[in-house]
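**Q** Based on the sequences and whatever the hints tell you, model everything.
Those protein sequence lines, which keep their order, are chains Y and S. Numbering follows UniProt numbering, with no gaps: position 93 of the first sequence is 93. Numbering follows UniProt numbering, with no gaps: position 221 of the second sequence is 221.
Since the hints were made in silico from the structure, they are not lab data. Check before you lean on any hint, since a few could be wrong.
To be verified - A partial selection of chain S residues facing chain Y, derived with a Cβ cut-off under 10 Å:
{"no.": "1", "residue": "A58"}
{"no.": "2", "residue": "P185"}
{"no.": "3", "residue": "F198"}
{"no.": "4", "residue": "M217"}
What the hints assert, rightly or not - Think about it this way: if two alpha-carbon atoms lie no more than 27 Å apart in a straight line, the pair counts; the simulated DSSO-like pairs of lysine-lysine are:
{"no.": "5", "chain 1": "S", "residue 1": "K191", "chain 2": "Y", "residue 2": "K328"}
{"no.": "6", "chain 1": "S", "residue 1": "K230", "chain 2": "Y", "residue 2": "K32"}
{"no.": "7", "chain 1": "S", "residue 1": "K77", "chain 2": "S", "residue 2": "K188"}
{"no.": "8", "chain 1": "Y", "residue 1": "K330", "chain 2": "Y", "residue 2": "K204"}
{"no.": "9", "chain 1": "Y", "residue 1": "K328", "chain 2": "S", "residue 2": "K236"}
{"no.": "10", "chain 1": "Y", "residue 1": "K38", "chain 2": "S", "residue 2": "K230"}
{"no.": "11", "chain 1": "Y", "residue 1": "K330", "chain 2": "S", "residue 2": "K73"}
{"no.": "12", "chain 1": "S", "residue 1": "K236", "chain 2": "Y", "residue 2": "K204"}
{"no.": "13", "chain 1": "S", "residue 1": "K205", "chain 2": "Y", "residue 2": "K204"}
{"no.": "14", "chain 1": "S", "residue 1": "K73", "chain 2": "S", "residue 2": "K150"}
Claimed, not checked - Simulated coverage check for chain Y against chain S, where a stretch passes if three residues somewhere in it have a Cβ under 8 Å from a Cβ of chain S:
{"no.": "15", "region": "31-39"}
{"no.": "16", "region": "92-104"}
{"no.": "17", "region": "202-212"}
Even for Gly, the Cβ is constructed at its ideal location relative to N, Cα and C.
Residues per chain are reported as follows:
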Amino acid sequence: MHMADALLSPAVGGIMLAASAGAVAYSAYKCKDDLDEKKIPLMGVMGAVIFAGQMINFTIPGTGSSGHIGGGILLAALLGPFPAFLTITAVLLIQALFFADGGLLALGANIWNMGFYACLLIYPLVFKPIVKKGLTPTRITVASIVSVVLALSLGAFSVVLETLASGITALPFATFVTLMMPIHLAIGLIEGIVTGGILVFVYKMRPELLESSLENKKLPKDISIQKVLGVLLIFAVVVGGGLSLFASANPDGLEWAMERVAGTTELETSGDVYGNAGEIQEATAILPDYGFKDGDGSAVGTSVSGIVGGGITLLLAGGVGYLIYAVKRKKEKEA
Amino acid sequence: MSTITDSMNTIHSLEELADGNTIIHRLHPLVKLITTLLYLVLVISFNQYDVTGLMVFAFYPVILMALGEIPYKPLLKRLLIALPFSFFAGISNIIFNQNLAFMVGGIPITYGLISFVSIMVKTVFTVMAVMILISTTSLPQISYQLLYIKVPKIIVEQIMLTYRYISVLLEQVSNMYTAYILRAPDAKGIKMKDMGIFVGQLLLKSFDRAENIYYAMKCRGYDGHYLYAKPDRIKKSDWIYLLVTCAILIVLRFFNLSQFIGSFL
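**A** Structure follows, in structure tokens:
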């Protein structure tokens with residue numbers, strides 16, 4: 001479910017970064033208030049546990065396939081929502097940097113899809129109310145399954161929305177949703193059962209771990225956090241929806257911005273240099289009329305000459321790289 | 001369990017690379033962070049049908065890899081991980097967008113195909129840019145810069161601690177997994193019904209570990225705050241690199257070199 005940079009437009013990536021940064025800042029602020037210093041190394045180790053835990057493949061009976069844990073709800077249950085959210089954020093950043101698992105610009109979207117829903121939305125609104133009446137293995141299991149399914153579905157649905165708002169894929173909404181949702185529902189069910197199993201085991205061995213995390217993070221007046229979440233959600237939907245309208249009408253955010261600033265999407269080309277270059281270009285061109293000036297394909301900027309030019313550009317880039325290597329090697333030999 | 005050994009190797013080899021001493025390694029981390037982010041934004045800002053303009057951006061990773069003496073093989077391996085999802089999204093474009101863009105010698109080129117190529121190229125470029133950053137800058141260096149740009153301390157500490165303990169935990173999981181498999185020779189992985197106990201044990205051990213780490217830190221004067229060395233100042237050469245690279249990238253964004261070269265043919 002990690003999204004890559006290439007599937008996002010700058011507008012959507014930027015909005016999601018801003019939204020996640022807001023959530024991270026708020027969580028950091030909450031943790032500053034009531035986090036005991038002992039919890040800092042615990043959060044770090046738990047992040048590493050989730051990272052390593054995601055690599056444990058377990059076999060799903062009757063299917064022959066395998067799955068792995070996600071960790072959002074698990075962390076929230078063990079650490080409390082805000083520390084859990086910060087921990088997930090750190091894990092996602094490391095995955096993006098070291099493992100190309102999700103992009104750097106897509107980090108905001110990934111934190112939102114995999115951390116925000118699980119830790120800051122589903123945990124306080126679904127998991128906690130279910131186990132509030134007292135911890136029992138059944139309640140823990142039910143709470144885990146429901147929460148993980150909901151969190152994962154929300155995350156998968158957001159992936160659909162973010163990808164479509166970016167205008168990169170031509171997949172129709174309905175097809176995309178029917179491709180994404182059932183599979184994530186199934187994954188959520190499996191993951192929920194496993195998460196429940198883990199939490200029940202921890203509860204049986206060391207009940208105080210779960211109890212303390214449930215009691216001690218006195219969510220500062222339930223109303224206020226819901227207000228914050230509500231505001232964040234509305235902000236994301238409104239801004240996301242509004243900007244994606246622009247995005248679809250003007251697929252290129254930068255050009256749109258430029259048009260706003262300069263009144264045109266083309267840079268003004270005036271002066272002798274441009275004129276002369278233009279003349280030389282026309283005189284030497286074998287395929288002078290490249291674009292699709294009269295058609296609607298002007299945005300394409302691709303044609304036979306363009307493709308050939310692109311190929312030469314790639315070769316040039318490769319050549320430059322090779323040259324630098326060669327020079328460096330020579331220098332090393334001389335030294 | 002190959003994924004675990006794989007990730008351990010990845011982290012170690014990237015750490016070794018980041019330890020190098022080339023022009024790129026010596027650049028100020030903040031400068032590298034800014035140029036990488038600018039590069040990413042510019043690459044993904046390209047219209048999905050504008051493949052030729054995008055090609056020019058191949059210069060950046062190629063030149064940086066050459067200057068930073070980064071080997072190609074591990075990078076390509078990382079690419080393979082990032083590609084499948086993009087591939088899936090790209091393939092769907094081929095299927096759903098069959099409007100003809102133009103013909104090349106009798107072969108129809110559709111808009112879907114163009115956007116497929118564009119998605120794949122963007123994936124390759126963005127992944128390479130991030131890998132170049134992490135191959136020439138260690139994570140602690142990047143973390144310090146995050147502090148400098150006012151990212152809350154607690155999240156930076158989380159990144160550093162998690163990163164530090166990943167290799168420890170990976171090793172522990174690997175040992176536990178081996179122990180399990182030795183006692184269940186036919187199993188292809190952990191049985192789902194054992195996962196609760198397996199990960200639960202891991203968690204309990206980790207709680208104890210975290211407590212010991214806390215006491216160890218406490219013995220060394222930890223009072224809830226990390227102490228940091230003052231980060232290096234940005235040198236004149238860093239400024240020059242920053243300005244020149246950003247200027248070139250922005251010019252390349254709006255000037256289609258491929259089209260220009262193609263027009264001479």
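**Q** None of the hints should be skipped; say for each whether it holds.
**A** Each hint tested on the structure:
The beta carbon of A58 of chain S is positioned within 10 Å of a beta carbon in chain Y (closest approach about 4 Å), and the interface hint is therefore held. At a threshold of 10 Å, the smallest CB-CB gap from P185 of chain S to chain Y is about 14 Å, leaving the interface hint violated. Using the Cβ-Cβ criterion of 10 Å, the hint placing F198 of chain S at the interface with chain Y is satisfied: the shortest such distance is roughly 7 Å. Given the 10 Å rule on beta carbons, the hint for M217 of chain S holds: about 6 Å separates it from the nearest Cβ of chain Y.
Taking the CA atoms of K191 of chain S and K328 of chain Y, the gap is near 53 Å; set against the 27 Å cutoff, the hint is violated. With a CA separation close to 23 Å, the supplied pair K230 of chain S and K32 of chain Y stays within the 27 Å bound. Restraint check: the Cα-Cα separation between K77 of chain S and K188 of chain S comes to about 25 Å, which is no more than 27 Å; the hinted pair holds. Pair hint K330 of chain Y plus K204 of chain Y does not hold up; C-alpha atoms about 66 Å apart against a cutoff of 27 Å.
Distance restraint check for K328 of chain Y and K236 of chain S: the Cα-Cα separation of roughly 24 Å lies within the 27 Å cut-off, and the hinted pair is therefore satisfied. Distance check on the hinted pair: K38 of chain Y and K230 of chain S sit about 25 Å apart at the alpha-carbon level, within 27 Å; holds. For a cut-off of 27 Å, the pair hint linking K330 of chain Y to K73 of chain S stands: about 22 Å separates their Cα positions. Between K236 of chain S and K204 of chain Y, the direct Cα distance comes to roughly 60 Å. Violation of the 27 Å bound is thereby established for this hinted pair.
Between K205 of chain S and K204 of chain Y the CA atoms are separated by roughly 15 Å; this keeps the pair inside 27 Å, and the hint holds. With a CA separation close to 36 Å, the supplied pair K73 of chain S and K150 of chain S exceeds the 27 Å bound. Figure legend: the region 31-39 of chain Y, annotated as covered by chain S; annotation consistent (5 residues with Cβ-Cβ distances under 8 Å, at least 3 required). For the region 92-104 of chain Y, the stated coverage by chain S is satisfied: 10 residues place a CB nearer than 8 Å to a CB of that chain, which reaches the threshold of 3.
Chain S is given as covering the region 202-212 of chain Y, and this holds because 4 residues of the stretch bring a CB closer than 8 Å to a CB of that chain, at least three being needed.
Hint violations for this structure: numbers 2, 5, 8, 12, 14, all remaining hints satisfied.
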